[in-house]
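Residue strings, one per chain:
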Amino acid sequence: MKHIKLFNKIKLVAIFMVAVFLNACNTDETQVVAELTNLVKQDEFNIDGAPDSSLWTYDLGNGTDQGLEPGWGNNELQFYTDRPENIKVENGLLVITAREEALNGANYTSARLTSQGLFDQQYGRFEARIRLPLGKGIWPAFWLLGNDCNENPWPQCGEIDIMEYLGDAPTVILGSAHGPGYNAGDAISKEYEIENDRFDTGFHVFGIEWGPDYINYYVDGDLYQSITPETLAEEVVLDGDPVNAGEWVFNRPFYMIINMAVGGNLPGSPNAQTEFPQRMYIDYVRVYN
Amino acid sequence: MRKMKNKRFITYRKALVFGLIITLTLGCERDFTDDVKVATFGTEGDIFTDSPIGMGEDFYFPYGDSNFEAASFDGTEVFEGNTSIEVNVPNADNPNGAYAGAILRIDGAGRDLSGFDALTFYAKASQGVTLDAIGFGEDFGENKYQATVTDISLGTGWAKYIIPIPDPSKLIQERGMLRYATGTQNTGGFGYTFWIDEIRFEKLGTLAQPRPRILNGSTITENVFLGSTIQITGLTYTANLPSGNNLTVAAAPSYYNFESSDTTVATVSELGVITVLGEGTTTVTATMGNEEAEGTLILTSVGAFPSAPIPTRDAANVVSLFSDAYSNVPVRHYNGFFLPFQTTEGGAGSDPNNVDLQVPLTDGSFDNIINYTSLNFVSFGMYETVSLVDVSAMTHIHIDINVRESIESSDFIRLSLESGTGVGAITSGDFVLNSSTLSNVDENGWTSVDIPLSSFFGFSDPANLGQLFFISDATISNIWVDNVYFYNE
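Taken in sequence, the protein lines are chains A and B. For the first sequence, the tail end lands on 288 under numbering that gives the first Met the number 0, and the numbers increase by one without skipping. For the second sequence, the tail end lands on 488 under numbering that gives the first Met the number 0, and the numbers increase by one without skipping.
None of these hints come from the bench; they were simulated from the model. Just so it is clear, CB atoms sit at the ideal spot from N, CA and C, and this is done for glycine as well. The reader is advised that the hints may include incorrect statements.
Beta-carbon label-pair distances, calculated as ranges [said to hold, decoys possible]:
(1) B:N256 <-> A:A101: 38 to 46 angstroms
(2) B:T218 <-> A:E150: 53 to 61 angstroms
(3) A:A101 <-> B:F336: 32 to 40 angstroms
Required output: the full structure, derived from the provided sequences and hints.
Here it is as structure tokens:
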């Protein structure tokens, strides 16, 4: 445990060991760490075919059915489908495939899986083991949305991005939180750059542990960001006088989304080097409390 | 985070050492003898940090025609530490060598680089510039594992550069640590300076999408003749860098494992040279490590090369311009590439043993053949740099032509002899080979003509032959030419 004091950074693995063998020593460290091990929901993607319909459903189309501008509010270029060409479970993995093909006015197809209405949870540990794709314009993510977005439109309902990745930066992922006064380009966000490795050549675990007043972000057991109400107070943007600016909106159940967008404001469009199809492989999704 | 990671790696290393000890101990118990020894070479990765690392005494070898003074190993512009390699690229008009280029070769046995995946270094230049070539694997010996990146963009600030190793497992004893060559083509002939620092082989772990290619990734179908040899070209290796960008390295043949689907038709050597041995079709592919190379060569061997009839006339009665059967008089050219009207390709140079086609014959000799393409007109030139040719004692000219396309009735090749070229009075005379003459061929497709010089009406000074023209006015565009000689009957 000296390492925590020394480096003010912790190894999740090390903490698990402590939790198991020393029976959860509650530390007085400044950071709250991942210590939730009670598995309440999991999908190991072990049954070939369509994803488990008791846990997952789809967001389809280009966003207009959901009341958004075409492109899901981000000028994304893909049309989401639930076809096996775009999403299926195979060989123990969930495979989301982005393709370059004309469909319903779009030039790319892909998929967006969501547990909306089927599973949501307030607080806990959400993690997934994923091998990411490659290429400019490819924008996969594993993220959470508050389950009240219909009543309290985004960003008031809150968004927790466990992992966002841009296909032209294969060693970097982003963890972010969006809410009133801190969203879109002003979201609370941090990059994690992996050393001596990259995210498109093997599987990595992306997770958060989320409690009443913190969201901790980790990759493979490296905790790299802790967002707290104090973080919001420091980083909230008050331009335009947003309603409830800086409010901690992460006190209600959130549901999960896994998707792979193509193009859009953040990644930019695919270029000549981008190869299609691109595939995102998810080994498992696990939720603890 | 960095420190934590290092700590974990150290732990792993300890575990490895421990495992090794156990293995070795077991090995002793099993009575391995001293004969079981695998030669291994140093695994040092560093090449230059503040001085050359483990390179030995004599490691710097500039290219023979480069500027020998270009590089110094005490550059004061540094990325880290206190010294870099400074290279002063000379101006294009520098009499002591117009470009900078050298290899850094270990003065000793070489290194085992198989544990690394890239050559890396930091570099910057005195101005934004595109460096011509930089790489490794050149040892002025076989250069078996040469790998080079061309057109590297250097800015005025330090940046890290990565050159992926095509297949590190091949580099178990490599001496060629660095090679570079750059001139001033991109800077209007004016020199510049660049610095390189912290040069080393590294295990990055951040390279992906390995993609070897042969023939630049294309599929090529070709008809070939028995006995011919073909060098496989377009050998590249592309990897995706941690920046997300692809980088392509030109790779030496020995990084690949070549395969011919039918080795009775053709075999491929380790150096990528195909030898055609028998009739039939074979598909040549390659792998690099576990990766299949993009690119395929489909070869159909159509049998023995259809050589022209072998001349039988006594050399004493012959003046030859182009034939393997005789010694040829020196020529200025087999294609003058006369601008702006000439379109003809082929016949470059003046060496009769190094023209377009060189076919190995079964007796070990070669059949050299000129292949003119895009023909409108072309000449053999015997003037200016060589003596005019005296054919006054000769009565005929012999030429073998093989038209490599279908012949229309209006097609022709007009032969023209010219005397006095470049020295004053010119005389010339023509003789036309019409379509029926050109269609009268032997079983290999050759038209053999023997024309009395008297038929070249107007060519009146045979003691001073300067040029022989082949003129088709583009009615025929692709021909082979062999055995062009004058003789006395």
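Query raised in the report: Does the hinted range 53 to 61 angstroms hold for T218 of chain B and E150 of chain A at CB?
Result: For T218 of chain B and E150 of chain A the Cβ distance comes to about 60 angstroms; the hint holds.
Query raised in the report: Taking 38 to 46 angstroms as the hint, is the beta-carbon distance of N256 of chain B and A101 of chain A inside that range?
Result: 41 angstroms Cβ-Cβ, so the 38 to 46 angstroms window holds.
**Report entry** C-beta pair A101 of chain A, F336 of chain B: status relative to the range 32 to 40 angstroms that was hinted
**Finding:** violated, 49 angstroms
Taken one by one, the earlier hints fail for this structure only at number 3.
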